[in-house]
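Residue-level listing of the chains:
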Amino acid sequence: GAVVSQHPSWVICKSGTSVKIECRSLDFQATTMFWYRQFPKQSLMLMATSNEGSKATYEQGVEKDKFLINHASLTLSTLTVTSAHPEDSSFYICSVPSGRPRETQYFGPGTRLLVL
Amino acid sequence: AQKITQTQPGMFVQEKEAVTLDCTYDTSDPSYGLFWYKQPSSGEMIFLIYQGSYDQQNATEGRYSLNFQKARKSANLVISASQLGDSAMYFCAMREGRNDYKLSFGAGTTVTVRA
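Protein chains in written order, with our numbering: chain F, 4 to 119; chain H, 232 to 346.
Hints are computed from structural coordinates only; laboratory data are not their basis.
Careful, some of the hints might be misleading.
Said to hold, decoys possible - Cβ-Cβ distance ranges computed for the label pairs, FRET-style:
id	chain 1	residue 1	chain 2	residue 2	range
1	F	K67	H	S273	26 to 34 Å
2	H	P261	F	Q32	25 to 33 Å
3	F	K67	H	R345	24 to 32 Å
4	F	E90	H	G241	23 to 31 Å
5	H	N298	F	E55	15 to 23 Å
6	H	N298	F	D68	18 to 26 Å
7	H	E292	F	T83	52 to 60 Å
8	H	F243	F	C16	21 to 29 Å
9	H	D260	F	K17	26 to 34 Å
10	H	T238	F	V6	15 to 23 Å
11	F	S18	H	T291	45 to 53 Å
12	H	F243	F	D68	26 to 34 Å
As the list claims (entries may be wrong) - Sample of chain H residues lacking proximity to chain F, with all beta carbon distances greater than 12 Å (derived):
id	residue
13	E248
14	T251
15	Y281
16	G293
17	D317
18	R326
19	S335
20	T341
Don't be surprised by glycine CBs; every beta carbon is placed ideally from N, CA and C.
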C-alpha cells in the first residue's frame, strides 16, 4: 500500500491564485520531508526541506516567499504556491526518508500543477 | 559540478534480456548512499534498490542488482530478464553525509522494452 500520499493529484488554476499541496506520511512519523519539482522530460530538482517544528530550508534559487512550506505535524507537510504563474506549471512531488537500517526514501504520487 | 551523471538518455532492450544502466557519482564525503528509482509514465517514483558507501557487497533486490565500483565511483543498475512493464524512466540518486537525507538526481535514462 501507499506509504506517502499527496493531494490533490492534479490542479488547474488561474494565474495569480494560490495553490496548496498536501503531503502525508501514512506509515511512520517524519520530522523531515522533502519537496521536489520536475519539469517535463527533466530530472527531479530539490526545492526545499520541510522540518517539523522549525522553518523550512530552501535550496538556492527557490523563492521562499513564493513557495511556502508548513510542516504542521509529524505526518503532514504542505507546499503553497503563492500567486502562481504559468512558469510554475510543473510536477511537484514530496518524499519522506524512512531512515536506517534499510535506508529508503519514499515518494508521494506527485501533483501536476497547470497555471493558465 | 554534476553530482550524479547518467550518460544514456535512452535505451532499447529486448524482452527477457538484461540491461545495464550507467551511473557515476562525485562526492568527497566518505559516507553516502546511492539509490535507483523507476518512474513510469504515471509519474510516481518507485524505489528499486539502495547501496551504502560502506556496504561490502553489491545490493540486490529481485531482478535488480547494483554493480557498485567504489574506486571508479560508479553504481550501475542491472535489470535482468526485462519485462514489458520495465519500460520507464530510471533515475540514479545520491545522499551525502550521515544525517542529511536529501537526494541529488541524475538526468535519467529512458528504457523501452521491446516484445
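Verification of the supplied hints:
1. F/K67 <-> H/S273: 26 to 34 Å: holds (30 Å)
2. H/P261 <-> F/Q32: 25 to 33 Å: holds (29 Å)
3. F/K67 <-> H/R345: 24 to 32 Å: violated (46 Å)
4. F/E90 <-> H/G241: 23 to 31 Å: holds (27 Å)
5. H/N298 <-> F/E55: 15 to 23 Å: violated (37 Å)
6. H/N298 <-> F/D68: 18 to 26 Å: Given a distance of about 44 Å, which is not inside 18 to 26 Å, the answer is violated.
7. H/E292 <-> F/T83: 52 to 60 Å: For H/E292 and F/T83 the Cβ distance comes to about 36 Å; the hint is violated.
8. H/F243 <-> F/C16: 21 to 29 Å: violated (39 Å)
9. H/D260 <-> F/K17: 26 to 34 Å: Violated, at about 44 Å.
10. H/T238 <-> F/V6: 15 to 23 Å: violated (31 Å)
11. F/S18 <-> H/T291: 45 to 53 Å: With Cβ atoms ~49 Å apart, the hint holds.
12. H/F243 <-> F/D68: 26 to 34 Å: violated (45 Å)
13. E248: Fine: 26 Å to the nearest Cβ keeps H/E248 off the interface.
14. T251: Holds, because the least Cβ-Cβ distance between H/T251 and chain F comes to about 20 Å, which exceeds 12 Å.
15. Y281: Not fine: 5 Å to the nearest Cβ puts H/Y281 too close to chain F.
16. G293: holds (15 Å)
17. D317: Holds: least Cβ distance 18 Å, greater than 12 Å.
18. R326: violated (8 Å)
19. S335: Given a closest Cβ separation of 7 Å, the condition is violated.
20. T341: H/T341 is in fact no farther than 12 Å from some Cβ atom of chain F, at 9 Å.
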